[in-house]
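Listed in order, the protein sequences are those of chains A and B. So the first sequence is numbered by my numbering: it starts at 1 and just counts up by one. So the second sequence is numbered by my numbering: it starts at 1 and just counts up by one.
The hints are simulated quantities; they were obtained by calculation from the structure and are not laboratory data. It is possible that part of the hints are untrue.
Because identical chains cannot be distinguished in the list, a pair is counted as satisfied if it fits within a single copy or across any two copies.
As the list claims (entries may be wrong) - Taking lysine-lysine and the DSBU-like style, the derived pairs with C-alpha atoms no more than 35 Å apart in a straight line are:
| no. | residue 1 | residue 2 |
| --- | --- | --- |
| 1 | 168 | 179 |
| 2 | 168 | 34 |
| 3 | 108 | 85 |
| 4 | 34 | 173 |
| 5 | 34 | 46 |
As the structure is a computational prediction, the values presented were derived from the model and not from experiment.
There are 2 protein chains.
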Amino acid sequence: MSETRFDVLGIGSAIVDIISRCEEDLLASFDLVKGCMALTSADKAKQIYDRMGRAVEISGGSAANTMAGIASLGGAPSFIGKVGKDKLGDIFRHEIEAIGVDFHGGRKAEDLPTATCLILVTDDGQRTMNTHLGASTTLGPDDIDEARVAAARVIYIEGYQWDTPKAKEAIRKASRAAKGAGRQVALSLSDPFVVDRHREDLLTLIREDVDILFGNEEEIFRLYHAGDLATAIEHVRGAKVLACMTRGAQGTVVFDGTTTTAVEAFPVDKVVDTTGAGDLFAAGFLYGYTHGRDLLGCAKMGSMAAAEVISHMGARPELSLRELLLKHGL
Amino acid sequence: MSETRFDVLGIGSAIVDIISRCEEDLLASFDLVKGCMALTSADKAKQIYDRMGRAVEISGGSAANTMAGIASLGGAPSFIGKVGKDKLGDIFRHEIEAIGVDFHGGRKAEDLPTATCLILVTDDGQRTMNTHLGASTTLGPDDIDEARVAAARVIYIEGYQWDTPKAKEAIRKASRAAKGAGRQVALSLSDPFVVDRHREDLLTLIREDVDILFGNEEEIFRLYHAGDLATAIEHVRGAKVLACMTRGAQGTVVFDGTTTTAVEAFPVDKVVDTTGAGDLFAAGFLYGYTHGRDLLGCAKMGSMAAAEVISHMGARPELSLRELLLKHGL
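Build the full structure now, drawing on both the sequences and the hints.
Given below as structure tokens:
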């Protein structure tokens, strides 16, 4: 097997987040489901934005956040995603490169703006997301450089990609290239509604190519139409994947064919904004995984990275996760 | 005299700041003068941006920051400035309206991007600014609605405007309209190099229209070619304006024709980023001035507002200045 340049290569939407605190009734007035992601037209996005208070803009995107986390931990990540030919696109690129991620944007979409996500954070720290996909919908097979894919030990795909029509082919190409090169494929389920919308496609990819599956309890339950944890675990075991089921404050359960490993949530003083919690769990886990740690070690790193990101606004780490690792003796 | 709707109407560049910490040697490698503002071509801006680390984007613009401060204090400000037809323009408008400033953008510039300012903050908290003016250069006389100007007790003009060719006429129109309606005109000198570049124009405006002058020690010294404080004060007194000379950690001196009022700098735990210090001094001072406070009271409010803004990154207040006023019994 040839040498690898990257620990993990992420494929996902390149999004700049616009984050604001809000009252619960704002969610209700736009029929938004708390904790979930909704695709939003330009018109509806404008209506929501007009009702939002002061906001901050921070680069986001699920798989991009995971790659930023791996870079902050000291790993070598790469990211493939499409930005528009605009200032927010420049900002996205700058941010991800500045933290140390190899970024491959391919040809820029000429006429579509860089994707934005209006994130409403309620007082309980929960985030509700409204995404206008813009230029990120142009990701297609041409953007997948097979040599680049083969140069990563693991490729990481976000479930959100099934919402962009051309991305399916791109993912197929990437996962085939990865498997052909003897690499591993990780998948994040992203969102309960994403699972509902694309259940069959996701199950097919899991059956054929996925080695590592990330999802929260609700996403994994919906994927397998499971009503309880034991049934869900049985299905995942049947799929022969290594699965990480995040459970918010209840911590995380990791199970493979034979073993079950549970870790508690890492303590945080105050949950400020849960945006990026799942993304950063995956970052910590995959960093450990590609650096020879056992499952318990990987899960602890994931919990630590998730704890950092929920203690402030925005889905990218503010502190050096590398220094936090050392501080906590991980 | 007809009734006023606004305490202060600001006229200035509508800019989104891109702020990053940096080492001293980055300033040297681009020949940047610490603490000053340089106009930057798109090419040079790109070179600087490529060398910057992780950044945050926060709306800025000198007069716009002052109006945001007045809104945060509970006052009624208005702002005239030009953004481009792009996402950063939407963000600028959203931020200034969300804090409570009446925003008048006029017709959007079709082909120019919203102005950005790359701000490099060194470890001593000093900021060095690189502005790409873009759409903000399109401010012209057509954007000045004389009824709006007449509806403000004070209009506030940033010296930076002399760097944009058409703005001179716009300012002339606004200051004439203000004087004609019996209102007052305030001017901020903005930057030592701005004073050098446009000294004669600034002196003419001061002589003919200005009632209140804001500047730091260096700017006022350069304006009058004064070598010491006594000479500078003598010149300002000759110009028959109320002048506020900010002196960083040494506090502020306010003088009119007869009296001199000195206030100490408001205590801060740590100077994180001095961006916006002068802008927020002006906000506090003008809020007090338009609410019947004496000069000492006005200067204390200015010092308090400046202290808040230098204790965090970005040139807009993070805390409610209204609540801080009450807390400090001002």
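Comparing the hints with the structure gives:
no.: 1; hint: 168 to 179; result: within (16 Å within a copy, 65 Å between copies)
no.: 2; hint: 168 to 34; result: within (27 Å within a copy, 50 Å between copies)
no.: 3; hint: 108 to 85; result: both (6 Å within a copy, 19 Å between copies)
no.: 4; hint: 34 to 173; result: within (34 Å within a copy, 50 Å between copies)
no.: 5; hint: 34 to 46; result: within (19 Å within a copy, 39 Å between copies)
Every hint, counting from the list given before, is met by this structure.
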